[in-house]
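Sequences listed follow chains R and H, in order. When we follow the numbering used here, the leftmost residue of the first sequence carries the number 1, and every step to the right adds one. When we follow the numbering used here, the leftmost residue of the second sequence carries the number 1, and every step to the right adds one.
Calculated from the structure, these hints are not laboratory results. Given the structure is predicted, the values throughout are model-derived calculations rather than measurements. It cannot be assumed that every hint is accurate.
[As the list claims (entries may be wrong)] Straight-line distance between alpha carbons at most 20 Å, and here's what the computed DMTMM-like set of lysine to aspartate or glutamate pairs gives: (1) H:140 to R:637; (2) H:380 to R:595; (3) H:236 to R:203; (4) H:379 to R:142; (5) R:466 to R:489; (6) R:140 to H:352; (7) R:144 to H:142; (8) R:380 to H:194; (9) R:236 to H:193; (10) H:140 to R:353; (11) R:669 to H:306; (12) R:140 to H:175; (13) R:583 to H:595; (14) H:231 to H:221; (15) R:380 to H:175; (16) R:466 to H:193; (17) H:231 to H:275; (18) R:332 to R:499; (19) R:140 to H:353; (20) H:466 to R:637; (21) R:379 to H:352; (22) H:236 to R:637; (23) H:669 to R:377; (24) H:144 to R:203; (25) H:140 to R:489; (26) H:650 to H:142; (27) R:236 to H:194; (28) H:380 to R:175; (29) R:140 to H:573; (30) R:236 to H:203; (31) H:583 to R:175; (32) H:140 to R:352.
There are 2 protein chains.
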Amino acid sequence: MTMKEDKDISTTYLVERAKEMRTYNMIALRAAASGHTGGTLSIMDIAAVLYLKVLNHDPGNPGWDERDRVFWSVGHKAPALYVTLGMAGYFPVEDTVKLRQLWSGFEGHPNRFALPGIELSAGSLGQGLGVAVGSALRAKLDGKNYHVYCVMGDGEQQEGSIWEGVMSAAHYQLDNLIGIIDLNGLQIDGTTDEVMNVTPLEEKYRAFGWEVIHADGHDMEKLIEAFELAKKSEGKPVVILARTIKGKGVSFAEDVTGYHGIPPKDGRYGKESLDRAIQDIFGTDEHPFNSTVVDGLLDKAKEYYEEVSGKLQESMPVFSRDYWWNHGQGMKVEMDPTRMGFGRGLSQVAGDENTVAFGADITGSIKMDDFYNGQPERKKRFFSMGIAEQNMTTVAAGFALEGKTGFIGSYGVFVSGRNWDQIRTTLCYNNLNVKIAGAHGGISVGPDGATHQALEEIPLMYYLPKMQLLVPCDALETDRATRAIAEQEGPGYIRFGREATPLVTNTETPFEFGRANIIRFREEQRHFLDAFETYLSSDYMNEEEDICIVSCGPMVAESMRAAWILKLEFGFETRIINMHTIKPLDRACLVSAAEDIGRILTVEEQQVGGFGNIVAGAIATSSHLGTYVMEMMGIGDTFGESGSPWDLMKAFGLSAEHIAQKCKELLKK
Amino acid sequence: MTMKEDKDISTTYLVERAKEMRTYNMIALRAAASGHTGGTLSIMDIAAVLYLKVLNHDPGNPGWDERDRVFWSVGHKAPALYVTLGMAGYFPVEDTVKLRQLWSGFEGHPNRFALPGIELSAGSLGQGLGVAVGSALRAKLDGKNYHVYCVMGDGEQQEGSIWEGVMSAAHYQLDNLIGIIDLNGLQIDGTTDEVMNVTPLEEKYRAFGWEVIHADGHDMEKLIEAFELAKKSEGKPVVILARTIKGKGVSFAEDVTGYHGIPPKDGRYGKESLDRAIQDIFGTDEHPFNSTVVDGLLDKAKEYYEEVSGKLQESMPVFSRDYWWNHGQGMKVEMDPTRMGFGRGLSQVAGDENTVAFGADITGSIKMDDFYNGQPERKKRFFSMGIAEQNMTTVAAGFALEGKTGFIGSYGVFVSGRNWDQIRTTLCYNNLNVKIAGAHGGISVGPDGATHQALEEIPLMYYLPKMQLLVPCDALETDRATRAIAEQEGPGYIRFGREATPLVTNTETPFEFGRANIIRFREEQRHFLDAFETYLSSDYMNEEEDICIVSCGPMVAESMRAAWILKLEFGFETRIINMHTIKPLDRACLVSAAEDIGRILTVEEQQVGGFGNIVAGAIATSSHLGTYVMEMMGIGDTFGESGSPWDLMKAFGLSAEHIAQKCKELLKK
């Protein structure tokens with residue numbers, strides 16, 4: 001299909017296609033068991049009008065230079081983009097059911113290299129408008145007549161980078177640029193008005209030099225009119241403020257805050273919610289998506305998953321037994337996400353009236369809400385800052401100057417990188433008591449994909465003067481680390497994950513800020529934890545082990561499992577260093593390991609070397625060293641992908657099996 | 001003086017004090033021979049009214065909890081803050097003449113630990129308002145009655161973080177927060193209207209929920225009225241739009257764009273410009289600052305400088321001769337700032353019609369203007385983006401998506417850190433041809449001080465997938481590196497400095513992207529450069545040297561000078577690795593050095609280890625290594641300071657003398 005043939009397509013046609021798109025969207029989300037229901041449904045009619053009617057594009061020739069460009073600044077609405085591209089003819093729409101699966105291309109957030117029709121890989125909010133400005137400015141420079149569209153969210157208007165883009169578009173009089181804001185009024189933490197009021201957007205955009213058009217975002221006719229009007233602008237960029245309903249078309253999701261990032265799935269609303277959704281969408285139970293069709297699509301997703309799983313399993317190192325977590329009779333372990341530990345630690349720390357905390361529209365998911373959960377009187381010390389990481393950082397600094405201890409947090413990638421300059425100048429140079437919760441760190445954040453998988457926080461934070469950096473290994477240690485960082489003077493960063501990971505410490509395990517733990521496998525036990533002994537590094541006596549694994553975060557548990565494998569399969573003894581505090585670094589224990597053992601492997605759920613090179617430097621600069629060999633494991637200078645957390649650990653070669661295999665190779669040296 | 005006694009002070013009093021403040025300001029700038037004339041003069045009357053009349057504060061008790069807070073978001077107007085604090089009684093105003101001198105506390109940008117009365121260490125624009133929001137919100141939380149003032153610039157309104165702060169202040173109804181914008185209409189690259197139009201600010205602030213008051217920023221009466229009115233606001237924050245004249249009071253600086261960052265000094269306007277300035281300020285040559293007074297103050301600065309110089313000299317390692325640059329009869333070297341090389345390389349590259357470049361209000365200083373200098377037809381491919389590093393990055397990405405190669409640049413600290421998330425997601429994940437000029441890197445940026453001295457770019461960029469990173473050693477190599485990075489596919493970062501540094505390569509010196517150079521001292525020559533031989537690492541044959549120095553950027557020249565010292569003083573042979581390309585890293589030459597020599601010293605003008613740990617990791621993970629020892633030199637996990645570039649190299653222990661001494665120690669191991 002090219003739009004040239006379809007200029008006269010009717011609103012009825014669009015309405016019908018939008019129903020199908022919503023349905024494919026819901027099936028894909030259901031198959032993925034994660035993803036964003038609310039926003040994909042609110043944007044769907046806009047997407048249908050844009051791609052099926054308004055755009056001058058050619059799905060058979062996605063790189064056609066005369067095409068109109070659409071930049072989705074809101075990457076998390078990717079499923080809506082995918083079903084729209086499928087419906088427009090870029091690829092079979094049924095393929096979208098592989099949403100968020102490894103190697104499928106249907107990433108949690110769009111990857112332009114994975115699928116045709118995606119103009120921009122995106123996922124960190126507030127960046128697409130600047131790209132659109134660049135594309136529109138290039139059209140002016142080269143005398144091209146295409147239009148540039150930028151799809152934004154209303155919560156996204158809280159990002160300052162949006163206003164930089166808005167200002168620059170007016171400055172360059174980009175009348176070939178059309179912004180569309182999906183005004184559904186809700187974001188993760190609540191209504192946009194409550195989280196960080198962005199209204200009145202009309203006055204704001206006008207004051208910034210734009211034309212403003214209002215439209216009902218679910219009225220095809222009105223949307224077409226709005227786009228036609230917008231294209232006639234002269235000398236000014238135009239924004240269409242499209243009033244929408246989040247979750248539009250699906251009764252149980254409409255205007256429900258909680259349905260931002262929730263798919264229709266068993267356990268919350270039951271399987272019938274998908275049927276109900278489809279019935280809601282069509283307004284009748286007579287529609288093309290009968291149970292055969294739906295089950296066929298879900299099966300397609302399942303088959304794809306099994307294929308991927310098979311490939312992953314084939315790639316795994318093989319040992320005499322299956323050592324995977326809880327696969328055997330003994331060595332049982334409990335799982336708990338490290339973020340839960342952060343929440344528990346924070347809840348403790350928040351007892352101090354001098355603490356304050358801040359939300360960046362991801363409060364519940366990262367457990368920042370444990371600051372006040374069950375303690376409503378604390379809520380007055382909690383401040384919602386919206387999706388504005390930079391401002392959250394400096395506002396917390398303002399409190400810290402007044403003697404408070406502030407906790408800020410978000411996805412690790414955004415709260416270490418979006419606000420890095422604020423962390424450096426305002427937090428570190430001023431040496432302020434602001435503690436940064438770097439949540440959802442590493443590839444184990446899973447199906448959200450590359451843009452949301454923080455893999456660089458350790459080097460980002462480590463080289464900042466005054467910064468203190470903790471990467472605890474499990475939920476309990478995260479609880480302790482949270483309390484420890486609260487006690488330290490000055491800025492601190494604590495990195496933790498989203499997925500449930502093994503509990504490998506208990507209350508008797510030593511924990512001291514700035515001092516590593518040494519962990520030794522002793523013998524198989526009914527409970528995994530009991531099979532190990534843990535020592536403060538300063539208390540540990542050399543046992544002349546065969547190899548040393550230096551690790552942090554959830555990689556500690558994998559390293560412990562690797563030690564078990566190494567002992568049982570090959571009789572090798574492993575010293576594990578749990579470097580929960582990266583800064584200040586326990587250099588002495590690293591140097592001892594090099595001297596005592598001479599074979600060091602670092603394992604990190606980060607870009608390889610971000611942590612490993614710090615370890616290498618600490619060892620190399622110690623004097624009187626004998627010969628030693630070293631290897632590093634981590635993400636190999638590449639971005640992550642969507643997939644289930646544990647599959648990603650396999651795909652990126654970070655499971656205990658991979659660690660054990662690498663150790664075996666190192667032991668040959 | 002406490003304000004309690006001075007509530008009835010007259011406008012005449014303020015006018016007189018402002019004259020004295022302007023005079024001290026000009027003397028301090030003259031003594032420092034650098035700093036910001038234009039903006040300090042435009043803000044001075046506002047500062048006088050605020051600190052001498054409006055504020056409820058007690059200079060004898062700077063930490064008094066009931067005091068009004070003033071956050072200077074515009075750190076570069078520090079001299080105005082200093083003379084105002086001096087005049088208000090925080091310290092003797094005459095001390096301000098030590099402006100920008102090492103250890104004086106009168107840093108190029110304010111350091112709250114150095115002087116009483118400074119509420120916030122600042123210098124990176126757009127951060128102070130968020131801090132003010134935090135402070136005002138804390139007052140609401142704790143029931144405090146103080147007012148919070150935030151001093152901003154009009155160019156600063158281009159930073160998106162400002163609008164995050166503005167939005168949040170209205171959201172929390174902070175009627176105890178008063179913003180003041182020094183509307184002088186000029187910024188470094190031109191008028192604010194041309195660089196990135198921020199008008200109409202009244203409509204913008206109103207649309208963002210603020211009250212707006214206009215005032216003549218040079219009329220004491222009107223300013224007092226404006227502040228009184230602002231304090232009466234209920235439920236809304238207030239901004240005072242204070243119309244001012246940049247350079248106000250000094251004829252040769254008034255409304256002159258070029259006087260943004262220029263002090264009154266010989267060579268540009270002659271010594272008489274200071275006399276003229278003072279005469280202009282008082283409107284008569286009958287004023288208290290006769291030549292005896294002025295010379296006395298300048299002498300005070302000179303004496304302080306001599307004292308510091310003496311201490312620095314005492315701290316230097318001593319050898320049998322003076323090996324300092326161009327101090328002897330032979331070994332002469334020419335000096336040229338590496339930024340000049342960037343300009344020359346860029347000018348070459350810009351011949352390609354497919355290149356575009358972007359300005360972030362520091363265009364001339366970082367030589368980005370060589371993109372079009374002498375080639376006016378290229379100017380259509382240059383785009384001014386204002387002080388908005390995030391948007392500059394994404395706009396360049398928009399061009400790169402269309403097949404262009406974009407060059408962006410600013411101070412290294414801002415163009416690597418303020419936009420890090422944009423670099424990661426939009427540039428690297430999208431693998432776009434955007435080349436980042438990280439100018440003014442390292443402590444050698446000198447008197448601007450800590451906030452402007454980029455010391456962390458290497459780890460910030462190195463761990464990003466797809467990023468390519470170059471740190472060339474001199475102006476010629478920077479020229480070549482600029483052309484090399486332009487040719488590579490994907491994002492790149494090139495780090496260079498502001499100060500003139502030795503030319504240690506010529507056109508015959510080999511240069512290959514991704515391959516290091518090996519440099520060997522041979523014998524003393526008339527010209528420094530002729531005393532050395534340089535090889536591509538792949539061509540080099542082991543000479544079994546005593547030690548290897550691995551270095552990059554201007555540290556290469558110091559390492560070469562160290563090699564000269566080591567040979568002449570002790571007979572030691574040094575292999576220098578000039579690692580101009582840090583990513584991709586020439587691992588082989590590092591491993592060879594460890595194997596051949598076994599004694600490695602890394603030297604970086606960065607936080608120590610940011611580069612050194614990468615080297616350590618590359619060596620440690622190579623197999624079959626024998627024993628080796630390693631040391632690292634760099635900035636020791638601390639922020640920089642104001643001072644002359646070469647004094648800072650001494651103060652932070654990064655001169656050739658320090659390197660030679662460290663080598664000597666390492667050779668004992």
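Hints and how they fare:
1. H:140 to R:637: Since the Cα atoms of residue 140 of chain H and residue 637 of chain R sit roughly 47 Å apart, the hinted pair is violated (cutoff 20 Å).
2. H:380 to R:595: Since the Cα atoms of residue 380 of chain H and residue 595 of chain R sit roughly 62 Å apart, the hinted pair is violated (cutoff 20 Å).
3. H:236 to R:203: holds, 17 Å
4. H:379 to R:142: Within the cut-off at roughly 14 Å; holds.
5. R:466 to R:489: Between residue 466 of chain R and residue 489 of chain R the Cα gap is close to 9 Å, so the pair holds against 20 Å.
6. R:140 to H:352: The hint holds at about 18 Å.
7. R:144 to H:142: violated, 58 Å
8. R:380 to H:194: violated, 44 Å
9. R:236 to H:193: holds, 16 Å
10. H:140 to R:353: holds, 15 Å
11. R:669 to H:306: violated, 58 Å
12. R:140 to H:175: violated, 44 Å
13. R:583 to H:595: At roughly 31 Å apart (the allowed maximum being 20 Å), residue 595 of chain H and residue 583 of chain R break the hint.
14. H:231 to H:221: The given pair, whose Cα atoms are some 16 Å apart, holds under the 20 Å limit.
15. R:380 to H:175: Within the cut-off at roughly 18 Å; holds.
16. R:466 to H:193: violated, 39 Å
17. H:231 to H:275: violated, 39 Å
18. R:332 to R:499: holds, 18 Å
19. R:140 to H:353: Within the cut-off at roughly 15 Å; holds.
20. H:466 to R:637: holds, 8 Å
21. R:379 to H:352: Between residue 379 of chain R and residue 352 of chain H the Cα gap is close to 58 Å, so the pair fails against 20 Å, i.e. violated.
22. H:236 to R:637: Given that 20 Å is the threshold and the Cα spacing comes to 48 Å, the pair is violated.
23. H:669 to R:377: violated, 61 Å
24. H:144 to R:203: Since the Cα atoms of residue 144 of chain H and residue 203 of chain R sit roughly 33 Å apart, the hinted pair is violated (cutoff 20 Å).
25. H:140 to R:489: violated, 25 Å
26. H:650 to H:142: Roughly 47 Å separates the two Cα atoms, so the pair is violated.
27. R:236 to H:194: holds, 17 Å
28. H:380 to R:175: Holds, because 18 Å separates the two Cα atoms, which is no more than 20 Å.
29. R:140 to H:573: Violated. Residue 140 of chain R to residue 573 of chain H sits at ~59 Å, over the 20 Å cutoff.
30. R:236 to H:203: holds, 17 Å
31. H:583 to R:175: At roughly 40 Å apart (the allowed maximum being 20 Å), residue 175 of chain R and residue 583 of chain H break the hint.
32. H:140 to R:352: Within the cut-off at roughly 18 Å; holds.
Of the hints listed earlier, those the structure fails to meet are numbers 1, 2, 7, 8, 11, 12, 13, 16, 17, 21, 22, 23, 24, 25, 26, 29, 31, in rising order.
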